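As a plain string of letters, each chain reads:
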Amino acid sequence: MSTRLATGGRLLNKDKAVRFTFNGQQMRGFEGDTLASALLANDQMLVGRSFKYHRPRGIVAAGPEEPNALVNLGVEGKFEPNQRATTTELFEGLLATSQNHWPSLEFDVGAINAKLSRFMPAGFYYKMFIHPRPLWKHLYEPFIRQAAGLGQAPKGRDADTYEHFHTFCDVLVVGGGIAGLLAARSAAQAGARVLILEQTAHWGGRAPVDGGEVDGKPVDKIVDELVSELSDMGNVTMRLRTMGAGVYDHGYVLGYERLTDHAPEADGPRHRLWRIRAGHVVTATGAIERPLSFAGNDIPGVMLAAAVRDYVVNYGVSPGDRTVIVTNNDDAYRTASALKAAGLDVPAILDARVLPVDSPLVAEAKAAGIRVLMGHGVAKVLGGKRVTGVAVCSQAGEGAVLEEIACDTVAMSGGWSPVVHLWSHCGGKLLWDNDFAMFRPDVDKAPLGADGTAFVSPAGSANGHFGLAELVGDAHAMGRAAAKATGHTPKKAAAPDAHSVEEAPMAPVWLMPQGAGKALRGKAWLDYQNDVKVSDVQLAAQEGFESVEHAKRYTTLGMATDQGKLSNINGLAILSDALNQPIPQTGTTTFRPPYTPISMGAIAGEARGKVFQPIRRTPLHDWHDANGANWEPVGQWRRPYAFVRNGETVYDAVMRETKNVRENLGLLDASTLGKLIVKGPDAGKFLDMLYTNMMSTLKPGKCRYGLMCSENGFLIDDGVVARIDDQTFLCHTTTGGAESIHQHMEEWLQTEWWDMQVYVANVTEQYAQIAVVGPNARKALEALGGMDVSAEALGFMEWTDGTLGGFDVRAYRISFSGELSYEIAVKASEGQALWDALMAVGDSLGVMSYGTEALHILRAEKGFIMIGDETDGTVIPQDLGLNWALSKKKDDYLGKRAQQRTHMADPARWKLVGLETVDGSVLPDGAYAVADGTNANGQRNMQGRVTSSYHSPNLKKGIAMGLVLHGPERMGEVIEFPGTDGTTCKAKIVSPVFYDPDGEKQNV
Amino acid sequence: MLILTCPNCGVTGEETEFHAGGEAHLKRFGPGSSDGEFETYLFMRENPKGVHFERWRHVYGCGKWFHAARCTTTLEVFGTYSAQVTEPPKEIRDTISEKRPGWTWRDFA
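So the protein sequences, as listed, match chains A and B.
To convert, note that position 188 of the first sequence is 236 in my numbering; the numbers rise steadily by one, no gaps.
To convert, note that position 65 of the second sequence is 129 in my numbering; the numbers rise steadily by one, no gaps.
Just so you know, these hints were derived from the structure itself, not from any lab.
One or more of the hints may lead you astray.
To be verified - Once the Cα atoms are required to be at most 27 Å apart in a straight line, the calculated DSSO-like pairs of lysine-lysine come out as:
1. A:Lys959 with A:Lys938
2. A:Lys62 with A:Lys203
3. A:Lys493 with A:Lys265
4. B:Lys91 with A:Lys937
5. B:Lys163 with A:Lys493
6. B:Lys113 with A:Lys493
7. A:Lys733 with B:Lys163
8. A:Lys937 with A:Lys750
9. B:Lys128 with A:Lys733
10. B:Lys163 with A:Lys532
11. A:Lys1004 with A:Lys959
12. A:Lys477 with A:Lys532
13. A:Lys707 with A:Lys733
14. B:Lys91 with A:Lys944
15. A:Lys936 with B:Lys128
16. A:Lys747 with A:Lys875
17. A:Lys658 with A:Lys203
18. A:Lys875 with A:Lys750
19. A:Lys937 with A:Lys747
20. A:Lys750 with A:Lys827
21. A:Lys1049 with A:Lys827
22. A:Lys747 with A:Lys733
23. A:Lys126 with A:Lys658
24. A:Lys265 with A:Lys540
25. A:Lys747 with A:Lys936
26. A:Lys477 with B:Lys113
27. A:Lys937 with A:Lys727
28. B:Lys113 with A:Lys727
29. A:Lys959 with A:Lys944
30. A:Lys750 with A:Lys733
31. A:Lys477 with B:Lys163
32. A:Lys938 with B:Lys91
33. A:Lys658 with A:Lys707
34. A:Lys750 with A:Lys938
35. A:Lys937 with A:Lys959
36. A:Lys727 with A:Lys944
As the list claims (entries may be wrong) - Derived contacts from chain B toward chain A, CB cut-off under 8 Å, selection only:
37. Gly94
38. Pro95
39. Leu106
40. Met108
Since this is a predicted model, take the numbers as computed values, not measurements.
Even glycine gets a Cβ: it sits at the ideal position worked out from N, Cα and C.
So here's chain A without its partners, still in its complex pose (with noise of 0.2 Å):
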């Protein structure tokens, strides 16, 4: 069993116990401890069940490598899925629960599928769920659903605040071990502003447990003064508890800092995302010890080894009382030594390799009383939820199992692999190690910034230096080479004093024994998260799935939440071994941040609630919201919908401002359209080119309506221009068009016609623009008295400037429902009083408000055309017979050349045309009209489809607007539109203008 040690922990303070749940149990451990330390501490390796089979697993690491102990943490706006127990720090009243079983760890039903795992291979659910084809939505799909997934999502909101930091630095260090310390300090002494990122809560990484001397001091006293210098310089910012998440282009990382997770009633964000921009980046990020491929390689109890003297060393707990030590290196005799200084059994090492002569540290063991058995491995781990023993084999024999040996953990050691994941993210390379079999960085192929010069460095054991004098020299190196990079020159300084532990060089072995048969390939992991096998990589490789990418996908191999921190070497040399090839040439599979998942509250940072987008709001915004405003999103902005009274439903609302504007009066709050000033002696010539109508000619005074296009000749935009002066034109546009139309004008002015003498500003939010509209509008504004508003003195399709009500305003006398209408603009400051006023002159003209759905169905009635709704991107001008509006005296405007293209000047396009249901109902909008026959892919041929369709409540029926195959050919034809509900709506084809045809209404 697992347990506290009476002595050890130099992490823990063991003055201070602290309480925490698991599956409801009560436990303790003492601050410092991390939630895996802690539940080994109370026995509980059994942390969790694997994500296929089912099968019971335990705690493998010590570090954000496990791949196993992954809990739910928290309740309710604090729960949070797939917390890794090794990085989670323990705090007074942590609550945290298993995941992936029912009903109870201890008892799991679908641990079944592990007794079928013979016939749930690799690409099992690709083989078996195909056919029959409708089975798969009905009975499988599902069913894979209800099992899929690793922990729940949470339900609650989440409770905590989170941030990002934006910063810049010359040299920023990648991890806080011994290496990454040092390079820091040598960075930060040749001048270098520095900030050096550590993921644990600890400086000084895994060597204060690995032990040795640097300038003739104890390494772990070399950390304490490493850090006490470092934060005495001015130029050092030092962040514990703080990944580096990503490395990308031109020295953008991402750092992710877990401010509050070990201390949750702390005020403050609980993440804190650093977009740091290095100068240049030293990766010390240390290495990851690789498990080794025997049967039964999953059972709880089964650790890294160093994970193990992680647990004596730095939390003074055993995780068991007598462990089996396998390995194919030196390293793993430390934990012996560590075992043995503990107090605990080993009862024999299991060395794959025959070494010649005894290294060190094998003499060591030896002279301590360890059993050490040369040549050979685990032929399979005994035991259900709890390692019972070993049966020990010869490595190069297929298994014959020579004794077998009682223990309750095994600590396996299959070499180490630098984490080359930062080094990687942004492109750079690797190479094969033939004498330690890894992948390290070929610092010769780095990642390159703008300058073109490599901005990112290895450092240390992350550069494959493992002995400690090689990586005390190569981090000193390193720092004073991106202190170098980033401008700064270092002073002549000898790398500390070290001395490495001569070791015996390791011996690769990727399944053990060598010769293992099926049975035992079949129980021997690689990748735990995602229950991948030895066996199945095998059949991956031997079904043709040849490269690592596509052999990773078929069997899922490090595909799960550990990103196969512990699996993919192995998995490669499987797949290498299989195909009969060398490892380099398999190659790895991609690298991609985040280095260990973050969370999605870190990413989204304070771009949540209120703030994850801005609201534009008109300077009548608060008037609307006092007067029954139902909102709707428009752009960025908030329009009424509809403004509803007591009583009123939203579409009884919108009936009734409809029939209003056509009987009295309406007051739109029409602010959000754009407002675009084009002035300069180019501007004519400008906008002829930017509109498909004639600008150049209009007069001062007038106005004119436009139509836009993109260079591809479809429609892109439409409003109303007013010439101010002769080099002054004022363009309206879409509400959602004000920016995208400005950004067009600029584009075409800066890239293509920088010799025309226009400016262009964006005006919209200077202004407040109020639509009075209807018989009694003029009344109205001669109500509040001023300007001269009479037919004669500012006719239909002109603007002047006066002030009406002793405001200054500018009106246009425009119209986008058909009726009498101005357009009064004034000072967005204003806008409020303007807009009182006319409230109060009309009160006695039947004066009400109106929304945007009144607005469209007063267009919609007088067959106007609506900016996406008639049009959708793919449609020109004329599809909607607009042909009047393009002009035939210009040589050229933007979407003239594509509109004569063979596809846009086809007469098969669909045209606009209005659409009259048979029966007065409202047709669907977007409903599609069919044809007979069908077309290639066997589907029913179409004819047209529906763009606009309301309710009129002045025309007492419905009306709608489409665009038809030879539409406006096919006057009084009836179509048929099919709803999603089996029943079919018939329309008439009709002229598009419902209402007023003759536009007498308008003009009086």
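Given the coordinates of chain A, assemble chain B onto it according to the supplied hints.
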């Protein structure tokens, strides 16, 4: 996330401050051009592995357009220059020749 320097205002900024605007130095064809010319202008684009010329706009800055010469494989930026030219200036082409001898892009080299 690239770093670019706007040649109009001199600011060196993050990619999020800019907006990419597609291929540089397109020659506009309007009415009177052949279908082939117009098709090339509207649709045909380079897709080089290596040296490339692009249009960018300093959208959250001075608002001005400019040109950038860039390597699509290493992301090296050879230089940025005015939007108001119809071909890459000589000094930009010389810089590229120094770093990528023998480069070509459309008719430029």
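Cross-check of the supplied hints:
no., hint, result
1, A:Lys959 with A:Lys938, "24 Å, holds"
2, A:Lys62 with A:Lys203, "37 Å, violated"
3, A:Lys493 with A:Lys265, "36 Å, violated"
4, B:Lys91 with A:Lys937, "24 Å, holds"
5, B:Lys163 with A:Lys493, "16 Å, holds"
6, B:Lys113 with A:Lys493, "18 Å, holds"
7, A:Lys733 with B:Lys163, "44 Å, violated"
8, A:Lys937 with A:Lys750, "20 Å, holds"
9, B:Lys128 with A:Lys733, "21 Å, holds"
10, B:Lys163 with A:Lys532, "22 Å, holds"
11, A:Lys1004 with A:Lys959, "26 Å, holds"
12, A:Lys477 with A:Lys532, "22 Å, holds"
13, A:Lys707 with A:Lys733, "42 Å, violated"
14, B:Lys91 with A:Lys944, "16 Å, holds"
15, A:Lys936 with B:Lys128, "33 Å, violated"
16, A:Lys747 with A:Lys875, "25 Å, holds"
17, A:Lys658 with A:Lys203, "20 Å, holds"
18, A:Lys875 with A:Lys750, "21 Å, holds"
19, A:Lys937 with A:Lys747, "17 Å, holds"
20, A:Lys750 with A:Lys827, "23 Å, holds"
21, A:Lys1049 with A:Lys827, "15 Å, holds"
22, A:Lys747 with A:Lys733, "14 Å, holds"
23, A:Lys126 with A:Lys658, "21 Å, holds"
24, A:Lys265 with A:Lys540, "22 Å, holds"
25, A:Lys747 with A:Lys936, "19 Å, holds"
26, A:Lys477 with B:Lys113, "18 Å, holds"
27, A:Lys937 with A:Lys727, "23 Å, holds"
28, B:Lys113 with A:Lys727, "42 Å, violated"
29, A:Lys959 with A:Lys944, "19 Å, holds"
30, A:Lys750 with A:Lys733, "17 Å, holds"
31, A:Lys477 with B:Lys163, "21 Å, holds"
32, A:Lys938 with B:Lys91, "21 Å, holds"
33, A:Lys658 with A:Lys707, "36 Å, violated"
34, A:Lys750 with A:Lys938, "20 Å, holds"
35, A:Lys937 with A:Lys959, "24 Å, holds"
36, A:Lys727 with A:Lys944, "24 Å, holds"
37, Gly94, "5 Å, holds"
38, Pro95, "5 Å, holds"
39, Leu106, "7 Å, holds"
40, Met108, "14 Å, violated"
The structure is inconsistent with the numbered hints 2, 3, 7, 13, 15, 28, 33 and 40, although it conforms to all the rest.
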